[in-house]
Amino acid sequence: MYQFSGKLKTFSLALILVGLVGIGYGFYSAPKTVEEAKEIISHQGAHGDSHATSHEEVKVDEHHSSEGVETHGAVAETHASADAHGEHHDDAHAEHVLHQLKNKPWSALYVSLFFFLGITLLVLAFYAIQRVAQAGWSILLFRVMEAITANLVPTSIVMLIVIGSAVMHWNHMFPWMAEGTFDPTSPNYDPIIDGKSWWINLPGWAIRSVVYLAIWNGYRWFIRRNSIKEDTVNDNHKTYKLSYNVSVGFIFLFMITETLMSWDWIMGLDPHWFSTLFGWYVLASLLVSALTVIAFVTIYLRSKGALPGVNDSHIHDLAKYMFGFSIFWTYLWFAQFMLIWYADIPEETTYFAMRFNEYNLPFLAMVVMNFVFPILLLLNSDFKSIPWFVVIGGVVILLGHYIDIFVMVMPATVGAQWSFGIPEIGSLLFFLGIFIYATFSAFAKANPIPTGNPFLEESEHYHYYNIEHRGEGSGDHH
Amino acid sequence: MSHYEAPIREPLVLGDKSYHDITEDIAKPIEGAANKNWYIAFYISLAGMLWGFGCIFYTVGTGIGVWGLNKNIGWAWDITNFVWWVGIGHAGTLISAVLLLFRQKWRMAINRSAEAMTIFAVFQAGLFPIIHMGRPWNGYWVLPMPNQFGSLWVNFNSPLLWDVFAISTYLSVSLVFWWTGLLPDFAMIRDRAVKPFQKKIYALLSFGWSGRAKDWQRFEEVSLVLAGLATPLVLSVHTIVSMDFATSINPGWHSTIFPPYFVAGAIFSGFAMVQTLLGIMRKVTNLEDYITRMHIEYMNMVIILTGGIVAVAYATEFFIAWYTGSPYENYTYLSVGAATGPYAWAFWSLIIFNIITPQLLWIKKFRRSFIITFIISIAINIGMWFERFDIIAIVLSKGHLPSTWWRFEPTFVDVGIFVGTIGFFGVLFLLYARTFPVIAQAEVKTILKSSGEFYKKRREQGIPTKPAINVANVAGTTDKSNKE
Chain E
1 MYQFSGKLKT
11 FSLALILVGL
21 VGIGYGFYSA
31 PKTVEEAKEI
41 ISHQGAHGDS
51 HATSHEEVKV
61 DEHHSSEGVE
71 THGAVAETHA
81 SADAHGEHHD
91 DAHAEHVLHQ
101 LKNKPWSALY
111 VSLFFFLGIT
121 LLVLAFYAIQ
131 RVAQAGWSIL
141 LFRVMEAITA
151 NLVPTSIVML
161 IVIGSAVMHW
171 NHMFPWMAEG
181 TFDPTSPNYD
191 PIIDGKSWWI
201 NLPGWAIRSV
211 VYLAIWNGYR
221 WFIRRNSIKE
231 DTVNDNHKTY
241 KLSYNVSVGF
251 IFLFMITETL
261 MSWDWIMGLD
271 PHWFSTLFGW
281 YVLASLLVSA
291 LTVIAFVTIY
301 LRSKGALPGV
311 NDSHIHDLAK
321 YMFGFSIFWT
331 YLWFAQFMLI
341 WYADIPEETT
351 YFAMRFNEYN
361 LPFLAMVVMN
371 FVFPILLLLN
381 SDFKSIPWFV
391 VIGGVVILLG
401 HYIDIFVMVM
411 PATVGAQWSF
421 GIPEIGSLLF
431 FLGIFIYATF
441 SAFAKANPIP
451 TGNPFLEESE
461 HYHYYNIEHR
471 GEGSGDHH
Chain U
1 MSHYEAPIRE
11 PLVLGDKSYH
21 DITEDIAKPI
31 EGAANKNWYI
41 AFYISLAGML
51 WGFGCIFYTV
61 GTGIGVWGLN
71 KNIGWAWDIT
81 NFVWWVGIGH
91 AGTLISAVLL
101 LFRQKWRMAI
111 NRSAEAMTIF
121 AVFQAGLFPI
131 IHMGRPWNGY
141 WVLPMPNQFG
151 SLWVNFNSPL
161 LWDVFAISTY
171 LSVSLVFWWT
181 GLLPDFAMIR
191 DRAVKPFQKK
201 IYALLSFGWS
211 GRAKDWQRFE
221 EVSLVLAGLA
231 TPLVLSVHTI
241 VSMDFATSIN
251 PGWHSTIFPP
261 YFVAGAIFSG
271 FAMVQTLLGI
281 MRKVTNLEDY
291 ITRMHIEYMN
301 MVIILTGGIV
311 AVAYATEFFI
321 AWYTGSPYEN
331 YTYLSVGAAT
341 GPYAWAFWSL
351 IIFNIITPQL
361 LWIKKFRRSF
371 IITFIISIAI
381 NIGMWFERFD
391 IIAIVLSKGH
401 LPSTWWRFEP
411 TFVDVGIFVG
421 TIGFFGVLFL
431 LYARTFPVIA
441 QAEVKTILKS
451 SGEFYKKRRE
461 QGIPTKPAIN
471 VANVAGTTDK
481 SNKE
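First to last, the sequence lines map onto chains E and U. Heads up, the first sequence is in our numbering, so the first residue is 1 and it goes up one at a time. Heads up, the second sequence is in our numbering, so the first residue is 1 and it goes up one at a time.
Check each hint, because a few of them may be wrong.
[What the hints assert, rightly or not] When the alpha-carbon atoms are kept at most 27 Å apart in a straight line, the in silico DSS-like pairs for lysine-lysine are as follows: (1) E:K320 x U:K105; (2) E:K7 x E:K32; (3) U:K200 x U:K457; (4) U:K365 x E:K238; (5) U:K200 x E:K241.
[Stated by the list, open to error] Beta-carbon label-pair distances, calculated as ranges: (6) U:G228 x E:K445: 54 to 60 Å; (7) U:G63 x E:G249: 28 to 34 Å; (8) E:D231 x U:W345: 40 to 46 Å; (9) U:F412 x E:D344: 21 to 27 Å; (10) E:I386 x U:N155: 41 to 47 Å.
[Stated by the list, open to error] Listed next, the stretches of chain U that the computed footprint assigns to chain E, with coverage defined by at least 3 CB atoms under 8 Å from CB atoms of chain E: (11) 4–11; (12) 53–67; (13) 328–341.
None of these hints come from the bench; they were simulated from the model. Positions of the beta carbon are idealized from the N, C-alpha and C atoms, including for glycine.
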């Protein structure tokens, strides 16, 4: 049995605490009134150097284009009348910036939350796939994957809090939740969003969100319990077969809930924009991150001697998945980007125009990190079985996909006001702390080897043909 | 690779087979004479093919106007059939490349025929881009070649040009991949041949394969590299085909989900075609011990999975078409207009054949039944044809301007060419089944002792298959005992 060391526990708790302080600072330093926002705007302008000026210009451009291009009807009229009265326009601008600044701490939290929740969810899905595919190599990693999915419970709770806060109108991350969006008499009325109110409405959104979380957590609770039961029961694989069938059902529901979740939680941040590929694009991003996390936890636990039997071939397989799905992510990223760029239909192009103009560096850097780097580093078969190589490749992949989520969320919620500072880092540390605590305390609670699995012996003998096993003391070297 | 196999896995080779039995079973259709049924099937296919060629000559000689196309619907049966055939080809590469990467041993009994199907299907597909041209004799202008028009080149921005590169690369790589795998099998036929002419032919085809250790080592590495290259290739080929539509600005065509959704649909339809062909082939060539009920079931599982992906994509298309708020989307593919318009019958055929019928495969009894599998596979082939027809014709029949709304009605030439490609495909496949080893015997032999029914049973009963030497004690390893 693995012992969750006091040192690691303290470290994870420290991360949670430091993260909480960072998150708290983010909320504390966000402006509360239009006056404060105006002060920040003038402060930005007062820098006077060319960078700040050009930044300001771009921002104003964005402000115009976002209202002029994306919204129609009543809002555009308001905007036109606002233009007529310069004074009023300044106020409108300040209010717009105020909303973005108020969103900053929420978005910082949300990006990290979605990143960690999504990774955990995809580890769960990958685990279900391994069961359904009757994989023979990965059985020794089952307890690792199960332990990681323990993170689903705390992240779901935080997600519920965020859902609740959105319902209570404590934040402005989802523009369609603003007051008067669906009210034709309101100046905030948005006929486009109103046309989608059958889907985009607060009760529906909240109920759906809770249903997704319930399905995922339900499966995770069941499969963990059943998996541990498999170890001891001797019932001619009856428990195992039940796990199999439930996993098939989960994959079915997962396909649907994942797509809907990505529309509700991410695409809904830009309610005027749409892309049919979006759900699968989010899926690919989270899947490659999930595989990387499985590899990391496996490499760490193996180095602590907690995973007897896991050899270099297992690491090699995980690295192959990281490599393959990095390319798959790039394929979907390119398909979505290229098709929208090629056809250049205005209502779709704004999405990428905004990201290209305001998030140029992260937007392009992420493609390098998520594609160029892994393809160069992980193509070589020998490299894929060397743990430190996998870790280097994995760190870049994880950072790249964090940026991916960042670029999905931030442009919609904070626009040009983005930065990467204490609130963002704090949120990352907070969820990292939770992740470490949940994962390793769950791993310590069960036998690290799922002894009841009928494919266990295949996994113990697993050897990929050209991989040399270096010094892990396993007896199965051929 | 590990030589231990969990007892829970079903055997992949049935009966008490030896290596020699495998050779005999696979060589038999090649070495024997064709029976009456083969000739009947062959002549029917040949007649269809010749009829199709006649229609092609008629089209090229007279003009595209003999087809049912009009000035608004410029693509219909031609491109429908093109996409359909390309899609069918994808299962072959999926089985030989993707299943190799995923170490699925059950692929070994079906990969040869699936790849043959790929190549013959891509032949059929390749006809359409040429014959649907108004001036096919200028077809070579799509190639970027230095020329006497001041080196006038092609524009690389068109997905139709990408199609040229995609299809030609796909065909060549598939051909090389297939042929490499055939070398040891051709060598086997060569070594068995008694007639000098036959020996000469197979000696030529097998490139002097002698099966040395170094050859095998390189053979395996080449197979893996080609599988690694063919996998992105197979994804990109149908992606590029999908971009013929998705890069446009037509509502119903312009959709970012098309690339992965077309690929999923291709695998879906391709596996259905493999099921149709193998369902017949395993019977007529007496290869039931190799293409077992379990192979059929596994392929049905792939069909369920890819069919599910396609269904999610339909739902996504349907939802987003509404979600866009664009009034134009309501008249197009998978929308209210499609479900109720003049092509409603085509739309509902798609839903029934593609989404509803395959759901029967969730039931294990149906999944393992040859006859039900066969019927469903035919249904999917029809359904996937309608999918492409719906995407192309329904969208074009109702564009942005109501004054351009028109209908498409195929002529006998449209139908004749399609029938011709089916005949051509049949001719090629029937000839293949008589002259090529339809199962990769070299590969099946590698799994006989780990996954053969006889050996599995013996292991379960604790009877060693090699009683004299206990390798485990000699070498100090445990898993070698299963290898020998």
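Is 41 to 47 Å respected by the C-beta to C-beta distance linking E:I386 and U:N155? 46 Å, holds
Is it true that the C-beta distance of U:G63 to E:G249 lies inside 28 to 34 Å, as the hint says? About 56 Å separates the Cβ atoms of U:G63 and E:G249, which means 28 to 34 Å is violated.
Verdict on chain E covering the stretch 328–341 of chain U, criterion of 3 CB contacts below 8 Å: Not satisfied, violated; 0 residues make the cut.
For the stretch 4–11 of chain U, do three or more residues have a beta carbon lying closer than 8 Å to a beta carbon of chain E? Result for this restraint: holds, n = 6.
Taking 27 Å as the top limit, are the C-alpha atoms of E:K320 and U:K105 close enough? Cα-Cα ~19 Å, so holds.
Proposed proximity, E:K241 with U:K200 (alpha carbon, max 27 Å): 54 Å, violated
Holds or violated: the 40 to 46 Å window for the beta-carbon distance between E:D231 and U:W345? Violated: the Cβ-Cβ distance is about 56 Å, outside 40 to 46 Å.
Taking 27 Å as the top limit, are the C-alpha atoms of E:K7 and E:K32 close enough? With Cα atoms ~40 Å apart, E:K7 and E:K32 exceed 27 Å; violated.
U:K200 paired with U:K457 [C-alpha distance capped at 27 Å]: It is violated: about 41 Å lies between the C-alpha atoms, which goes past 27 Å.
Measure nothing beyond the straight line between the CA atoms of U:K365 and E:K238; if it is 27 Å or shorter, mark the hint as holding. 19 Å, holds
Mind taking a look at whether chain E covers the stretch 53–67 of chain U? Criterion is 3 or more residues with CB to CB distance under 8 Å. Since three or more residues must qualify, the claim that chain E covers the stretch 53–67 of chain U is violated, with 0 doing so at under 8 Å.
Satisfaction of the hinted span 54 to 60 Å by the C-beta atoms belonging to U:G228 and E:K445: 40 Å, violated
The structure does not agree with the numbered hints 2, 3, 5, 6, 7, 8, 9, 12 and 13 stated previously, though it agrees with the rest.
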